[in-house]
Amino acid sequence: MTASDGFGVPALFSSWIASVVSPQLKKRYFLKFLAWAFGLGAAGVVAALSVFLIGFSVMYSRLPAIDSLTDYKPKVPLRIYSAEGLLIGEFG
Numbered sequence: 001m002t003a004s005d006g007f008g009v010p011a012l013f014s015s016w017i018a019s020v021v022s023p024q025l026k027k028r029y030f031l032k033f034l035a036w037a038f039g040l041g042a043a044g045v046v047a048a049l050s051v052f053l054i055g056f057s058v059m060y061s062r063l064p065a066i067d068s069l070t071d072y073k074p075k076v077p078l079r080i081y082s083a084e085g086l087l088i089g090e091f092g
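Per the working numbering, residue 1 is the first one in the sequence shown, and the count goes up by one each step.
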């Protein structure tokens with residue numbers, strides 16, 4: 001039985017990989033990974049901000065004027081009845 005590194009890779013092969021992959025190469029790959037991660041994160045933030053701003057601009061254009069909100073008259077009045085079925089009040 002041969003020695004293994006715990007991942008099923010023979011120890012001889014594992015040490016060969018470690019000798020081939022230099023620290024400079026590891027650092028370069030790590031920096032590439034960080035650049036990609038930062039780029040994807042920035043793209044995600046830009047996309048989310050764009051969706052928010054587009055949604056806000058669409059919703060803002062459909063909002064009523066403030067004057068119409070202060071003088072609100074509902075189409076269907078709110079009727080309040082007692083337990084006996086008598087009309088107590090009507091709003092709107």
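Hints are computed from structural coordinates only; laboratory data are not their basis. For glycine and all other residues, C-beta sits at the position ideal for the given N, C-alpha and C. A couple of the hints might just be wrong.
Unchecked claim - FRET-style restraints, in silico, Cβ to Cβ:
no.	residue 1	residue 2	range
1	Gly85	Val51	49 to 57 Å
2	Pro74	Ile54	39 to 47 Å
3	Leu34	Pro64	42 to 50 Å
4	Asp67	Ala42	40 to 48 Å
5	Ala47	Leu87	48 to 56 Å
6	Ile66	Phe33	35 to 43 Å
7	Val58	Leu34	48 to 56 Å
8	Val46	Pro23	47 to 55 Å
9	Tyr72	Leu40	31 to 39 Å
10	Lys73	Leu40	45 to 53 Å
11	Ser57	Gly85	42 to 50 Å
12	Pro23	Gly55	44 to 52 Å
13	Phe38	Lys73	30 to 38 Å
14	Ser50	Val21	56 to 64 Å
Status of each hint after checking the structure:
no.	hint	in the structure
1	Gly85 <-> Val51: 49 to 57 Å	50 Å, holds
2	Pro74 <-> Ile54: 39 to 47 Å	31 Å, violated
3	Leu34 <-> Pro64: 42 to 50 Å	49 Å, holds
4	Asp67 <-> Ala42: 40 to 48 Å	42 Å, holds
5	Ala47 <-> Leu87: 48 to 56 Å	54 Å, holds
6	Ile66 <-> Phe33: 35 to 43 Å	51 Å, violated
7	Val58 <-> Leu34: 48 to 56 Å	36 Å, violated
8	Val46 <-> Pro23: 47 to 55 Å	34 Å, violated
9	Tyr72 <-> Leu40: 31 to 39 Å	47 Å, violated
10	Lys73 <-> Leu40: 45 to 53 Å	51 Å, holds
11	Ser57 <-> Gly85: 42 to 50 Å	49 Å, holds
12	Pro23 <-> Gly55: 44 to 52 Å	47 Å, holds
13	Phe38 <-> Lys73: 30 to 38 Å	54 Å, violated
14	Ser50 <-> Val21: 56 to 64 Å	40 Å, violated
Hint compliance for this structure: hints 2, 6, 7, 8, 9, 13 and 14 are broken, all remaining hints hold.
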